[in-house]
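Novice: Now for the letters of each chain:
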Amino acid sequence: MTHGRLSPSLRQRLLFLLAGNFLLLVGIAITMKQGGSFAEVLTRCGPNVAPVVLAGLGMTGIICTGAIDLSIASIIVVSGTVFGILVQRQWPPLLCFVACIGTALLLSAANGLLIRKLRLPAIIITLAGLALYRGVALVLADVSIPGFGGSIDIQRDEYHAPGKQFATLILLGTLGSALIWEWFAVTPRRWLALGSSEESCRLAGLNPHAIRQSAFVVGGLFLGIAAVIYVTQIQFIEPARLALGFELQVIGAVILGGTNIFGGEGSYAGTALGALFLYFTGQWMTYAGVSPYFQEAITGALIIGVIGLDCALHRKRKRMEELA
Amino acid sequence: MRHWLLPLILLAEIAFFTALSGQSFSSTADAVSYFRSYFADLLCQSAPVLLIAFGMTIVLMTAGIDLSVGSMVALVACVMASFPAGPEFWWTAVPLGLALVLLLGATNGALIAWLDVPPIITTLGTMILYRGLCFVVMGDLEKSPFLSVPGYEWLGQVSGAALLLIFTFGLAGFWLKRSRWLREILMLGGNPIAARYAGIPVSRRLIQTYGIVGLLAFLAALTFTARNSSVSASSLTGLELQVIVAVVLGGTRVQGGAGSMLGTFYGVLIIAVMDEGLRGAAQWGSRNLPFKISHLEYILLGMLLIAGVWLNTRERSTAKTPPSK
Numbered sequence: 000m001t002h003g004r005l006s007p008s009l010r011q012r013l014l015f016l017l018a019g020n021f022l023l024l025v026g027i028a029i030t031m032k033q034g035g036s037f038a039e040v041l042t043r044c045g046p047n048v049a050p051v052v053l054a055g056l057g058m059t060g061i062i063c064t065g066a067i068d069l070s071i072a073s074i075i076v077v078s079g080t081v082f083g084i085l086v087q088r089q090w091p092p093l094l095c096f097v098a099c100i101g102t103a104l105l106l107s108a109a110n111g112l113l114i115r116k117l118r119l120p121a122i123i124i125t126l127a128g129l130a131l132y133r134g135v136a137l138v139l140a141d142v143s144i145p146g147f148g149g150s151i152d153i154q155r156d157e158y159h160a161p162g163k164q165f166a167t168l169i170l171l172g173t174l175g176s177a178l179i180w181e182w183f184a185v186t187p188r189r190w191l192a193l194g195s196s197e198e199s200c201r202l203a204g205l206n207p208h209a210i211r212q213s214a215f216v217v218g219g220l221f222l223g224i225a226a227v228i229y230v231t232q233i234q235f236i237e238p239a240r241l242a243l244g245f246e247l248q249v250i251g252a253v254i255l256g257g258t259n260i261f262g263g264e265g266s267y268a269g270t271a272l273g274a275l276f277l278y279f280t281g282q283w284m285t286y287a288g289v290s291p292y293f294q295e296a297i298t299g300a301l302i303i304g305v306i307g308l309d310c311a312l313h314r315k316r317k318r319m320e321e322l323a
Numbered sequence: 000m001r002h003w004l005l006p007l008i009l010l011a012e013i014a015f016f017t018a019l020s021g022q023s024f025s026s027t028a029d030a031v032s033y034f035r036s037y038f039a040d041l042l043c044q045s046a047p048v049l050l051i052a053f054g055m056t057i058v059l060m061t062a063g064i065d066l067s068v069g070s071m072v073a074l075v076a077c078v079m080a081s082f083p084a085g086p087e088f089w090w091t092a093v094p095l096g097l098a099l100v101l102l103l104g105a106t107n108g109a110l111i112a113w114l115d116v117p118p119i120i121t122t123l124g125t126m127i128l129y130r131g132l133c134f135v136v137m138g139d140l141e142k143s144p145f146l147s148v149p150g151y152e153w154l155g156q157v158s159g160a161a162l163l164l165i166f167t168f169g170l171a172g173f174w175l176k177r178s179r180w181l182r183e184i185l186m187l188g189g190n191p192i193a194a195r196y197a198g199i200p201v202s203r204r205l206i207q208t209y210g211i212v213g214l215l216a217f218l219a220a221l222t223f224t225a226r227n228s229s230v231s232a233s234s235l236t237g238l239e240l241q242v243i244v245a246v247v248l249g250g251t252r253v254q255g256g257a258g259s260m261l262g263t264f265y266g267v268l269i270i271a272v273m274d275e276g277l278r279g280a281a282q283w284g285s286r287n288l289p290f291k292i293s294h295l296e297y298i299l300l301g302m303l304l305i306a307g308v309w310l311n312t313r314e315r316s317t318a319k320t321p322p323s324k
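Just so you know, the sequences run in chain order A and B. Residue 163 in numbering that gives the first Met the number 0 is what sits at position 164 of the first sequence, and the numbering runs on without skipping anything. Residue 215 in numbering that gives the first Met the number 0 is what sits at position 216 of the second sequence, and the numbering runs on without skipping anything.
Since the hints were derived computationally from the structure, they do not count as laboratory data. Take the hints with a grain of salt, since some may be wrong.
Claimed, not checked - Only part of the chain B face toward chain A is listed, based on derived beta-carbon distances under 7 Å:
# : residue
1 : 298
2 : 309
3 : 310
Claimed, not checked - Under the rule of at most 20 Å between Cα atoms (straight-line distance), these lysine to aspartate or glutamate pairs were calculated in the EDC-like manner:
# : chain 1 : residue 1 : chain 2 : residue 2
4 : A       : 116       : A       : 237
5 : B       : 176       : B       : 152
6 : A       : 116       : A       : 39
7 : B       : 291       : A       : 237
8 : B       : 291       : A       : 141
9 : A       : 163       : A       : 39
What you are looking at is a predicted structure, and each value in this text was computed from that prediction instead of being measured. Glycine is no exception: its CB is placed at the ideal position from the N, C-alpha and C atoms.
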């Protein structure tokens, strides 16, 4: 969603994050103990950061339209459960992956459809989805696996391929196509238009409801790819505990990347950089020997700090707009 | 929402789950004693959620949201748990906890009011921050000094919980309903710019609102620890969603400018009754269903939320409600 000139605030945020990521990498290189390899930090980065970045791309589009999706973690759970059930039934790997992506796409589209048909705020529908989909996953697992004990064991290596071998490749491929698509296509710009002003959107002859739904469909596709990588990285799929709190991690990365939480502004590049920033922060704290108990607190303070600073810098301009 | 709909749902729910649990009554006195202990349990169990939901209702009225409540309650409980038990607990841990939680709430408010950070982002950040602080304070331990404090247990019993609830929902709720303060809150939720032009001190009101949530979080921490006796750094994760679902179900609009304390009260109880009822129906479920009946809770919660809000907005379809966000 960077078509044309980037807005000054978005450009400022991107530069800030680039510099921040660079500094963090330098920090990691300095604090790294003897024997640690810097190349390994970089190669491990891809698989670790891929689910957040990919789900974040979808979330960016949704937030740009002024909506939000709180149910993504639960959607991943349903996708993962479907995947697990099919693996148990010895379906070929490729089919399992496709089913996983398809489930996420379907549920995300269902979110969009519900918002469109019931005319309810996205935050309500997806808050309901957060509870509902996890319940669906649990019931699904109970019904389709005889003697289901709480987790599905994925043993054979070929089912772990996307998460363990090809994660970086999938990430770079998807991110690259997303950036190109964002630059040239008209749909992302419609999302921004909708997020800026629904009223003007309608007056200009666009259908706001259809545009919002398209953001959910595209978001579902990204989320599906994220889900495949997420669930193929782990050995046990536990529907009751899988991906708890993932939605907050993703929303954190998206808003850190400069996407306006009220819509109308945002970029895929920012989201990717935001996710990297959070990841490198964690890595750096680990290498610097920060106690794991402190890491969560520091991450929270960092999110508030970065966004608080940014909001404070734009406060005067916002007040002037308000008065105008 | 029609004012009789929520109590009706609640009654229907209680009747349904009582029937499902296989409880049979031989006499009226039997039924009375059963329902007396049922309601006493229900009230004690949901006291923390009820208290927090009261604050969340005010926050949603300002068009804000507070995702940090679960972490806030957990943090104050963790800090209080680090003090030695004994009578001195009352004048060391308790006042300190109160001061801390007011500070936490006011921090949320100050970030929102002074730095213009949107509430959902601020409280998302502080939710992670406060939860992180819980781990800093507690590590992996689980501490339980509370029941060794003389008189503390009372807070978790019916009389204690009922007193706190009467105080908040009864007295404070009654006062608020007529107060100028709440009108100002509703106005700033409906249109913050108009509120500013009307001379309402918007920043101060916002900080007060989030401070009140802090105060209620403190009370919730008291009732929670008195009933559950122990606390760990990961206690009460997910409380915020439970509370928000209950408040929204009670008819408060997430876009701000409207809300009802009584609706919130019913909303919390509807969810608590369902939760308790599904637990009671476990035996029936294991005989008749191919899945664990407790899993239905998530599904029912989601459907209840959508149905409740949908009915709520249909009622007000004449008023213009923006569908986004």
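Novice: Look at each hint and say if it fits the structure.
Specialist: Hint-by-hint comparison with the structure:
1. 298: Status holds, d = 4 Å.
2. 309: holds, 5 Å
3. 310: violated, 11 Å
4. 116/A x 237/A: violated, 33 Å
5. 176/B x 152/B: Cα-Cα ~32 Å, so violated.
6. 116/A x 39/A: Judged against 20 Å, a Cα distance of about 49 Å means the pair is violated.
7. 291/B x 237/A: Cα-Cα ~15 Å, so holds.
8. 291/B x 141/A: Roughly 7 Å separates the two Cα atoms, so the pair holds.
9. 163/A x 39/A: holds, 15 Å
Checked against the numbered hints above, the structure violates hints 3, 4, 5 and 6; every other hint is satisfied.
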